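Peer 1: Sequence:
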Amino acid sequence: MPELPEVETIANGVNERVRGARIVSVWTSGKPQTFKSPENEIEEVLTGARIERVRRVGKTVVVTLGREQGQAEFLVHLGMTGRLLVAEREVPLPAHTHAVLTLADGREVRFVDPRRFGRLSVVREAYLGPGAEPTTIGDEEFAKLFRGRKVAIKAALLNQSLLHGVGNIYADESLFRAGIRPTRAAGKLTRTELARLREALQKVLARAIELGGSSVSDYVDAEGMTGYFQIEHAVYGRGGEACKVCGTAIKKMVLGGRGTHYCPVCQR
DNA sequence: CGTCCCACCTGATTGC
DNA sequence: TGCAATCAGGTGGGAC
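Residue numbers for the first sequence follow the numbering used here, beginning at 833 and rising by one.
Possibly wrong hints are sitting among the right ones.
Stated by the list, open to error - Mimicking SDA-like on lysine to any residue, the simulated pairs with C-alpha atoms at most 25 Å apart in a straight line are: (1) Lys1084 - Arg1039; (2) Lys1020 - Arg1039; (3) Lys863 - Leu925; (4) Lys1083 - Arg1009.
Since the hints were made in silico from the structure, they are not lab data. No experiment lies behind these values; they were computed from the predicted model shown.
Between the sequences and the hints, there should be enough to build the whole structure, so can you do that?
Peer 2: Here it is, written out as structure tokens:
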């Protein structure tokens, strides 16, 4: 589900609500694939810890913990349908809840994930993530990521070990705004095209963060509110509809197993 | 190593 | 209406 703007919205929302709070108890569901670290280790590391801050790294929500036993971070990857909610204890637990952190004031941080593609883990060092940060990367470094690569530029944008945080919506939207066909070989884009792509990507991400992300079906923030960037989607989810720039029908194809949307006239 | 494809899940929507 | 097929904001592992 969530890409960089959605994960950032969630992380900021959770941070504002629970920063400084103490975790007094932890419950986990026992569904094995949800837990990348052993469940008992997660419970042990979180119980009694203070939440120092919550931030986004790539598509991961990172909770920095204050503990007498030493540094640790709690990592929440939301997969396709994961939600991280801060709720009063009276609010009924949603179906598919896989972890609940109870805070000293009685509120709960809840991880809910119907499809169970999300993953929870703890690490003992500061988490940096696999790839470069797209919101701040410069032209030089951005261009270097794609040099010599034969894969389609869309597939390269989705590769988290190159750039972390870009997913299917923002790959399609930024390629449209840069006027680049998603199927073009990443290594064959010109310097000008790469500069346009970097700028388009950063503008799209910044605007989406402003609007609280895109809510296509499942996504909500820490308070359960939807985002609004889907209103500004130019191509994603608009197959067959008219291009907002030239009126041509938006095409939808499958590229690297993902639905891919583009304008055959505006994107070359 | 780079690239491709599929499996991992549930739920909503589409089509017969 | 009912039921099966298809499709989803993601990743990771195996095959080549």
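Peer 1: Can you give the numbers of the hints that this structure goes against, from lowest to highest?
Peer 2: 2
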